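Chemist: These are the residues of each chain, in order.
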Amino acid sequence: MAVKVRIDQCVGCGVCVSGCPFGAIAMKEGKAEIGDACTVCGACVDSCPVGAIEQKTEEKQVAMDKSEYKHVWVYIEVDDGVLRNVGLELLGQGRKLADTMGQKLAGVLIGDGIAGVTKDVLAYGADMVYLVEGPELAHYSTDGYTAVVQDLINTYKPSVVLMGATTNGRDLGPRVACRIGTGLTADCTDLGIDEQTGLVAWTRPAFGGNIMATILCPDHRPQMGTIRPSVFKKLQPDYAKTGEVIRVASKVKAEDIRTKLVEVIHVCSASCNLEEAEIIVSGGRGMCKPENFVLIERLAAVLGGAVGASRAAVDAGWKPAMHQVGQTGKTVGPKIYIACGISGAIQHLAGMSSSDIVIAINKDPDAPIFKVADYGIVGDVMEILPILTAEFQKIKAS
Amino acid sequence: MNIVVCVKQVPDTTEVKIDPATNTLIRQGVPSIVNPFDKNAVEAALQLKDKHGGKVTVMTMGPGQAKDALKECLAMGADEAILVTDRAFGGADTLATSYTLAAAIQKSGKYDIILCGKQAIDGDTAQVGPEIAEHLGIPQVSYAAKLEVDGDMARVEREHEDGYEVLEVKLPVLVTVVKSMNEPRYPTIKGTMKANRAVIAEMTKAELDVEEMRLGLKGSPTQVRKIFTPPARTQGVLISKDTAREAVAELITRLSAAKIV
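Which chain is which? The protein sequence lines are A and B, in order. All letters in the first sequence, in the order written, are residues 1 to 398 by the numbering used here. All letters in the second sequence, in the order written, are residues 1 to 261 by the numbering used here.
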């Protein structure tokens, strides 16, 4: 693929220059010139008012028989014998992709002594399960899990592999994709099938959530991506459903794992399980001082929710980084998100705008957070929070 | 100890705005900065050097202007800087970028630790680090919040959704670092002057042991199909009352009416 300017048709208006998300176009002698930073995204093709920019498909090296690769896989993380929610969410969306493609949906499970959860994987939408167990796989390791997934892909040749964009998913995904030599789209917030090509269309935010990009992986298989938690909904489980469980022997030996796990330290309680929380109460700079976070914690406790914080509050040291919601923190999608004293910088919005209902409290009526809030209260958060907490307590008691 | 830090020059995404009329990014006046997490990686490298001695090399792949980013790292105290640059590298996705950087790291000599920021703030993929490790065939530890080296062993605290895991690994290793690891130092005046005078080594395709088909756009399995601005959430009701009590009452009434509570 390449993007070319038809010099004779270019009128030098410069619309493409500001329209290019990568700043790759410059005006030279009154004509648009495309520079090295071009990623062939085609934004300029659409933006040019006189149709002077064209996108051409070039021959690429295709050394792969793509027809061999079939079916949609979801890698589901198992944590202390429990399936991570994002894996179950991806089974729901994977089901849709597989049905559209007319292919099967398989769950991939890796661990030790986890055969009991295969029924859940089938109930949440999978047609079949690949199960790899071994004592070396009891805990996640980059080396061990990469070897297992690579072996599965090379043996069974899936067309699509979905993974959760968790800490471990984002550690494993690139390692596997690189070993196989295929493309991986990170941190997707939407997934569909591109009508024109039948390929998986991976959509993800970039530039701090300022723009969205839809990515394709045309010539390499499997098409791989990591997807953020809480973006898709789980299906209603159907435990009457059955399916094949394919046990694959692990070839991983203890000495293959070059990192030695010395200790696991859990520092978080339910209050920081932001990814899976149904209600999140978040505080920002408007909380003024760390002690005031007690107000946030009380409301969260009454609602049975988790506690979030903006980057400003984390940078100020009021809350540990594990609570941070936003582009450089966690991405959340609860049923209710209550933003307290958070102005709503784009980085923050990028991390919470997939929430179902947003309630914002801020004393500045022009705060950007109100632009995305379903309900906004203009007022002093310190005054409002205790009253709101008391009201919710009353509702709960009744 | 030889430490290589991979950095990226990025637009400061906190300064990026959307033109409401055309729905496109306004890039004018948006400064280019060193990716913030990469500065944490540089700081981590400098702290290791302060403690154990050795050499810190910063490396970036990009056009000529990316030298500014390297100079900033030199000003912080890095010993050497390498710009990996060639027209053939343009349009690279993470796989092609990591392939090129891995080749450049191999060319640059012996290394004990490779450090990267956990992700870049423009792309946010967090993929180039692990993919470099894979190309080089060395172990990786991502999301490191603490890093200590003792002899040929590294001990890393890796940040996790609900805590940390402590890992031990033999060098060489690639580590990607999170913000909470350290507070990057500011360049000194002396450092800045030295950085301004520094000659930055360049590596082009010709110097690297690479296959043409794996570089740049040609070597990139992923392709951008389209770019668009995210659909805006619509603004709901804004409650503005004389007292906090009235405002809360109004909110509860509305939430009840909408059957949210």
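Hints were generated in silico from the structure; no laboratory data involved. Treat each hint with caution, since some may be false.
Unchecked claim - Some chain A residues judged to face chain B by a derived CB distance under 10 Å, without partners named: (1) N154; (2) K157; (3) L172; (4) K234; (5) P237; (6) C268; (7) P290; (8) I357.
Unchecked claim - Below are the SDA-like pairs computed for lysine to any residue, each with C-alpha atoms no more than 25 Å apart in a straight line: (9) A:K289 with A:E263; (10) B:K49 with B:L217; (11) B:K170 with A:D143; (12) A:K253 with B:D152; (13) A:K28 with B:Q65; (14) B:K170 with A:V262; (15) A:K335 with A:N273; (16) A:K4 with A:V17; (17) A:K394 with A:K253; (18) A:K66 with B:L217; (19) A:K394 with A:V262; (20) A:K371 with B:F228; (21) B:K226 with A:M101.
Because the structure is a prediction, the values reported are computed rather than measured. Every residue gets a Cβ at the ideal spot worked out from N, C-alpha and C, and that includes glycine.
Chemist: Tell me the hint numbers this structure goes against, listed in increasing order.
Modeler: Hints 1, 2, 4, 5, 7, 9, 10, 17, 19 are the ones this structure does not satisfy, whereas the remaining hints hold.
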